[in-house]
Amino acid sequence: MASFRKILIANRGEIAVRILRACRELGIATVAVYSEADRRALHVRLADEAISIGPPPAAQSYLNIASIIQAARESGAQAIHPGYGFLSENPDFAQAVHDAGLVFIGPSPQAIQSMGNKAEARARMQAAGVQVVPGYQGSDDEFSLQSAAAEIGFPVLVKAAAGGGGKGMRVVRQPDELLEAVGAARREALHAFGDGHLILERYVPKAHHIEFQVLADQHGNTLHLFERECSLQRRHQKIIEETPSSLLDEDLRVEMGAAAVAAAKAVGYENAGTVEFILDPEQRAFYFLEMNTRLQVEHPVTEFVTGLDIVQWQIRIAAGERLPFQQADLRQRGHAIEARLYAEDPANDFLPATGPLLRLVEQKGPGVRVDSGFTSGDEITIHYDALLAKIITYAADRPSAIRKLQSALQETVLLGVTTNWQFLQAVLADPDFLNSSFYTTWIEEHYEGWKPPVCDLPPEVLAAAALTQFQPDEPSFRTTQGQAERDAYSPWKIANGFRTGE
Amino acid sequence: MRYRYQSGERVYEISLERQANGYRATVDGWPYSLEVLDSQPGQLSIRFEGRPLTLYWANDGERKWVSMDGCTFLLSKPSSNRHPRPGERNPGDQVRAPMPALVRSIDIAEGDRVTKGQTLLLLEAMKMEIRLQAPRDGQVLSLTAQKGQQVERDQVLIEIGD
Numbered sequence: 208m209a210s211f212r213k214i215l216i217a218n219r220g221e222i223a224v225r226i227l228r229a230c231r232e233l234g235i236a237t238v239a240v241y242s243e244a245d246r247r248a249l250h251v252r253l254a255d256e257a258i259s260i261g262p263p264p265a266a267q268s269y270l271n272i273a274s275i276i277q278a279a280r281e282s283g284a285q286a287i288h289p290g291y292g293f294l295s296e297n298p299d300f301a302q303a304v305h306d307a308g309l310v311f312i313g314p315s316p317q318a319i320q321s322m323g324n325k326a327e328a329r330a331r332m333q334a335a336g337v338q339v340v341p342g343y344q345g346s347d348d349e350f351s352l353q354s355a356a357a358e359i360g361f362p363v364l365v366k367a368a369a370g371g372g373g374k375g376m377r378v379v380r381q382p383d384e385l386l387e388a389v390g391a392a393r394r395e396a397l398h399a400f401g402d403g404h405l406i407l408e409r410y411v412p413k414a415h416h417i418e419f420q421v422l423a424d425q426h427g428n429t430l431h432l433f434e435r436e437c438s439l440q441r442r443h444q445k446i447i448e449e450t451p452s453s454l455l456d457e458d459l460r461v462e463m464g465a466a467a468v469a470a471a472k473a474v475g476y477e478n479a480g481t482v483e484f485i486l487d488p489e490q491r492a493f494y495f496l497e498m499n500t501r502l503q504v505e506h507p508v509t510e511f512v513t514g515l516d517i518v519q520w521q522i523r524i525a526a527g528e529r530l531p532f533q534q535a536d537l538r539q540r541g542h543a544i545e546a547r548l549y550a551e552d553p554a555n556d557f558l559p560a561t562g563p564l565l566r567l568v569e570q571k572g573p574g575v576r577v578d579s580g581f582t583s584g585d586e587i588t589i590h591y592d593a594l595l596a597k598i599i600t601y602a603a604d605r606p607s608a609i610r611k612l613q614s615a616l617q618e619t620v621l622l623g624v625t626t627n628w629q630f631l632q633a634v635l636a637d638p639d640f641l642n643s644s645f646y647t648t649w650i651e652e653h654y655e656g657w658k659p660p661v662c663d664l665p666p667e668v669l670a671a672a673a674l675t676q677f678q679p680d681e682p683s684f685r686t687t688q689g690q691a692e693r694d695a696y697s698p699w700k701i702a703n704g705f706r707t708g709e
Numbered sequence: 068m069r070y071r072y073q074s075g076e077r078v079y080e081i082s083l084e085r086q087a088n089g090y091r092a093t094v095d096g097w098p099y100s101l102e103v104l105d106s107q108p109g110q111l112s113i114r115f116e117g118r119p120l121t122l123y124w125a126n127d128g129e130r131k132w133v134s135m136d137g138c139t140f141l142l143s144k145p146s147s148n149r150h151p152r153p154g155e156r157n158p159g160d161q162v163r164a165p166m167p168a169l170v171r172s173i174d175i176a177e178g179d180r181v182t183k184g185q186t187l188l189l190l191e192a193m194k195m196e197i198r199l200q201a202p203r204d205g206q207v208l209s210l211t212a213q214k215g216q217q218v219e220r221d222q223v224l225i226e227i228g229d
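Residue numbers (my numbering), protein chains in the order written: chain A, 208 to 709; chain B, 68 to 229.
A portion of the hints provided could be inaccurate.
To be verified - Straight-line C-alpha distance at most 30 Å; calculated DSSO-like pairs for lysine-lysine:
#, chain 1, residue 1, chain 2, residue 2
1, A, K374, B, K183
2, A, K658, A, K445
3, B, K214, B, K183
4, A, K413, A, K374
5, A, K213, B, K183
6, A, K658, A, K413
7, B, K214, A, K374
8, A, K658, B, K144
Since the hints were derived computationally from the structure, they do not count as laboratory data.
For reference, chain A alone in the conformation it holds in the complex:
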């Protein structure tokens, strides 16, 4: 079976490192691309070749289609892996890759296009018999919206058709609040996406966000790799994801899995993708929300419980390989959880933090995996998003996986940039998290105005800080004689004429 000799990774940070690793394991040469801000980044250092694609702003580098295609041509890469974010869900990019005679490691431009617009995706799913969130995506003049909302029933969600990330969204609980919400949502949508078209959806309180990983080869085999529970979100940004979901029993899992596969087949999907559902825990009903036509950030939890390397399969599928297993061969085993470490300051309304990453010490151990795109010495800048690292743990059951994650997080050291580590620890210790009684708005409701506790400075830290002022700049010379080592710290060895008492 012929495979690629060389792949270009059109991304940066932790996912570029992840893809590089998969390529290396498959014996495929790698080409990294970088903006000037990433000249010394980890993904550049790990690649076989690296090509500059533009100045720091993403629009001029990682979103620069022409520049990336040019880099692929120059390097002789045969395929491009787009990672997540950036151009991964841009049908024009996928098309440009095809037109350049290269392979796009992902689905077709048509599949990306179909699922990219919420209104079109919903319409397609309905046609395919996949349950969608009861809603309305017709003419969005005020009169039509009012009568549609009355039919769907309140509370109703007003959403931007072209949007995501919570922008252009409003929850309307009473009919008389609808018009004001429509006006506000439309303005926000126009500003954020350049498209003020609105749709309506039933709002499900205490909903769960459950997504299913799908994998489809070029030979018609489409299957799912089970679910991921992604309800722990803050302002629509996922914080902690896990699998399996405590909410699903086997029947529901089989039903939702089948719906995910049907959704993928409806658009002729190939390669890896994720179908997102809203689960109404009270009604035990699930609804199609949207499909992400790319690899997801949280794919590692699925890899742990299924034993499959999704990124490797993406590459192998794109090279024409047939999936050697069927749905009935797949099992979920154990429990996996991922926590996302962000460069942000919870004490300052979670504003993004920047700065030099002075020290990063990642933990390793049985069932502990850390996916990061940085090493000590890198600079966290304003140009890209704030994800620093993902810490993922795997154990036989949920409580063990949680304990492992708490422990791994406790041993992770990150100096130089403020992170959300305290927030993660708070959530992981929360009784509602421990007994799985959270839902999508839970974090916002329970952690509104939360500030990290101010840790008392232990004397150990202060004493150690003082000791570091004795530390030489070059690696210290360790001897087996404790005495000689201790002498190295003797103040009598400092020859700068200091006086005691100062």
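Got chain A sorted already, so can you dock chain B onto it with the hints?
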């Protein structure tokens, strides 16, 4: 040797003295025994009152980051008390950019009266919208930001006074 560090509002005093088996560290008047087990750049293993510990640390200009047991601390050199010079305003009334960002829109003008919490301007950075709010009631004494301008971290954008 004596050292002073500040964290938050507090200043701490530490002194280190060589002993037969390591050091005596006195922190805010309390003595502790300390022995070094291993030291590498940025990493220190000690026995503190007999308890083994590994700490990680890094210098950041005038500041020092130290991590122990998963907790990260930031220490700095004690700052001297700043008394505003004549003509200089109380720093609390300055509205600064929290990070490098782009000014998206400005909702007020010089001379406007504002109330505490009122949105003064919108910044954009790292794909997020950042709202800068008035820290107090007062009047906009100066506005040194323009729509579309790229501003630096800590750059003073607005001053609010009486």
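Hint check: K374/A vs K183/B, CA-CA at most 30 Å. Holds or violated?
The given pair, whose Cα atoms are some 26 Å apart, holds under the 30 Å limit.
Are K658/A and K445/A close enough, with their CA atoms no more than 30 Å apart?
Holds, at about 19 Å.
Given hint K374/A paired with K214/B - CA-CA distance at most 30 Å:
holds, 22 Å
Pairwise hint evaluation, K183/B against K214/B, where the allowed Cα distance is 30 Å at most:
OK: K214/B and K183/B at ~22 Å, within 30 Å.
Is K413/A within 30 Å of K374/A, Cα to Cα?
Between K413/A and K374/A the Cα gap is close to 20 Å, so the pair holds against 30 Å.
Check the hint pairing K213/A with K183/B against an upper bound of 30 Å on the C-alpha distance.
violated, 58 Å
Just to be careful, I want the Cα atoms of K658/A and K413/A compared with a cutoff of 30 Å; is the pair within it?
holds, 24 Å
Hint check: K658/A vs K144/B, CA-CA at most 30 Å. Holds or violated?
holds, 25 Å
Of the hints listed earlier, the one the structure fails to meet is number 5.
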